[in-house]
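Chain by chain, the residues run as shown.
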Amino acid sequence: MKNFFKRFYLAIILIFLYVPILVLIVQSFNAGRSRAKWEGFSLRWYGELFTDTRILNALYVTVSIALLAMVISTVLGTLAAIGIHAMKKRPQAFMMTLTNLPNTMPDIVTGISLMLLFLFTKVSRGYWTMLLAHITFDVPYVILSVLPKLKQMNKHTYEAALDLGATPTYALTRVLIPQCKSGIITGAMLAFTLSLDDFTISYFTTTPLVQNLSTLIYSAARRGIEPTLNALSALMFVSLLLLLLIVNRRTAEKT
Amino acid sequence: MIRNLTLPWWAWILMGLCLCGFVALVVITVRRNRGMKRSLFAAPYTLWMILFTVLPVLLIAYYAFTDANGAFTLDNFRNFWDSNYESNKVILEVMGEDGAAYVTRGTVNVDTLVYSLWMAFQCTLICLILGYPAALFMADRHMKLGSTLVVLFIIPMWMNFLLRTIAWMSLLEDSGLINSFLKALGFNGVQLMYNSGAVLLGMVYNFLPFMVFPIYTVLNKMDYRLSEAAADLGCNGWQTLYKVTMPLSVPGVISGITMVFMPSVTTFFIPRVLGGGNTMMFGDLIESKFLTEGNWNVGSALSLIMMVLILISLSILRKADPNGEGGGIA
Numbered sequence: 001m002k003n004f005f006k007r008f009y010l011a012i013i014l015i016f017l018y019v020p021i022l023v024l025i026v027q028s029f030n031a032g033r034s035r036a037k038w039e040g041f042s043l044r045w046y047g048e049l050f051t052d053t054r055i056l057n058a059l060y061v062t063v064s065i066a067l068l069a070m071v072i073s074t075v076l077g078t079l080a081a082i083g084i085h086a087m088k089k090r091p092q093a094f095m096m097t098l099t100n101l102p103n104t105m106p107d108i109v110t111g112i113s114l115m116l117l118f119l120f121t122k123v124s125r126g127y128w129t130m131l132l133a134h135i136t137f138d139v140p141y142v143i144l145s146v147l148p149k150l151k152q153m154n155k156h157t158y159e160a161a162l163d164l165g166a167t168p169t170y171a172l173t174r175v176l177i178p179q180c181k182s183g184i185i186t187g188a189m190l191a192f193t194l195s196l197d198d199f200t201i202s203y204f205t206t207t208p209l210v211q212n213l214s215t216l217i218y219s220a221a222r223r224g225i226e227p228t229l230n231a232l233s234a235l236m237f238v239s240l241l242l243l244l245l246i247v248n249r250r251t252a253e254k255t
Numbered sequence: 001m002i003r004n005l006t007l008p009w010w011a012w013i014l015m016g017l018c019l020c021g022f023v024a025l026v027v028i029t030v031r032r033n034r035g036m037k038r039s040l041f042a043a044p045y046t047l048w049m050i051l052f053t054v055l056p057v058l059l060i061a062y063y064a065f066t067d068a069n070g071a072f073t074l075d076n077f078r079n080f081w082d083s084n085y086e087s088n089k090v091i092l093e094v095m096g097e098d099g100a101a102y103v104t105r106g107t108v109n110v111d112t113l114v115y116s117l118w119m120a121f122q123c124t125l126i127c128l129i130l131g132y133p134a135a136l137f138m139a140d141r142h143m144k145l146g147s148t149l150v151v152l153f154i155i156p157m158w159m160n161f162l163l164r165t166i167a168w169m170s171l172l173e174d175s176g177l178i179n180s181f182l183k184a185l186g187f188n189g190v191q192l193m194y195n196s197g198a199v200l201l202g203m204v205y206n207f208l209p210f211m212v213f214p215i216y217t218v219l220n221k222m223d224y225r226l227s228e229a230a231a232d233l234g235c236n237g238w239q240t241l242y243k244v245t246m247p248l249s250v251p252g253v254i255s256g257i258t259m260v261f262m263p264s265v266t267t268f269f270i271p272r273v274l275g276g277g278n279t280m281m282f283g284d285l286i287e288s289k290f291l292t293e294g295n296w297n298v299g300s301a302l303s304l305i306m307m308v309l310i311l312i313s314l315s316i317l318r319k320a321d322p323n324g325e326g327g328g329i330a
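Chains as they are written, first to last, in my numbering: chain H, 1 to 255; chain L, 1 to 330.
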């Protein structure tokens, strides 16, 4: 009885979280344009999706920025974590404050401060400024996922590798990085997800000429969302879900 | 897109320097210099953060304390307290003493801030009330559901959050699913959209996982033998929860409160969609100061006020969790 109640409660919460997603997916199969009226099943919006250059462009911007930001911030963040870990107490505390600073700033302030920087330095906002902004908010998350792994590691392992004749490069790539691999992967995944889903910071660091999916949806929201956008997000959602299932199956096989 | 990039000369030099520094670093590493300090690995990151986090924040502070001509002034903060400040100044200048009768304080900025704080407070409270039991049940060892449920809580976040919020419109609007359902049952329709309630719902919907994760992380790490010991020593279920589990989960709760409260004070998309412009929040106000009115100085002052408020509340919360044990999302 007690367990039933717990499951029931969790189910209710999950239904609350999934209802809008279900609504979106159902709407993407609606033949009509209306949000409220069901006018029959159709794949019309999925077909139109591949001819809509605005949406395809936005998709390209979103995915390429998420991938680039993920790679660059993972490299930058992993190096930084190794560096911070090797520091003495004082500079380490300073670096941690610097790393936690973006977390204590609301998104809108981060976005606006970067916008001011670009306007002040007369850099025209667009693809590259958005990428820069995304790297900036991603790196701290990578550091915060890699650092705990480094702290767990026996600190003499690296020195032992050096004593046994490994060059610092060799010790770095064969000892340090493999030890914190899981942290690096978590950080990279986090960076990718955050970048994919970001709206506020992108909104301030780009112009309507270069849009990612979030800013495109925002500008379309006033006129009413085109069902093609629903179709696209349903597709993205399902493909990410499949990816997750495949990865899960793989890791389950390994263990 | 690449062709759109026009930079001033010194930005190129700066970027060049960063690149050189980075390459030099890699070269030094590759040359297998045994004496090389590993702490230098953090150099590119430090440079990056100073350029793109510290400098921009200083810019906000600069604009907040200067007027349109770049001269030092506190008028932007007076403008926050009294949104009619500029017009009142003109009235007093023109009419002298007589003008005092016509001067009224514009309270819109302060009111919006208070309203946002109130909304964020309600949102955090609801998330805590809904999220704590969820985290508690997820961490229940006998249910063996933990990790699966974490994934189930994360998956919705892969759907663009703007679209998910907009999807609530189709449920809540006058011709939406809930109202159609009510009408089919013979009830009258209810106005669900375009009020504070709808905004609150949207906020709770979007930020609930940020409350559940940190609490779950802490509860999951907790030694389950402690609650078993409490039970052995005669506590009933409620007493164990109240005297053992809850005090131990404080770091997670603190971390959750931070992660929900901060984005909910500053959200500007949710009130715009679900509140339909009837419910202006502080994020809205800042955005419109910058992008609609083009008044960077007042906008920066408002941003600065918000940052300071958040820093103060964070430092108060930190007092309750001095070791920062409350885990994040990861």
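These are computed hints drawn from the structure, not numbers from a lab. Any given hint might turn out to be false.
A partial selection of chain L residues facing chain H, derived with a Cβ cut-off under 10 Å [said to hold, decoys possible]:
1) TYR45
2) VAL103
3) PHE137
4) ILE154
5) ASN160
6) TRP168
7) SER170
8) LEU171
9) LEU182
10) LEU185
11) LEU248
12) THR267
The beta-carbon is built from N, C-alpha and C at its ideal position, and this holds for glycine as well.
Hints violated by the structure (listed by number, smallest first): 2, 9, 10, 11
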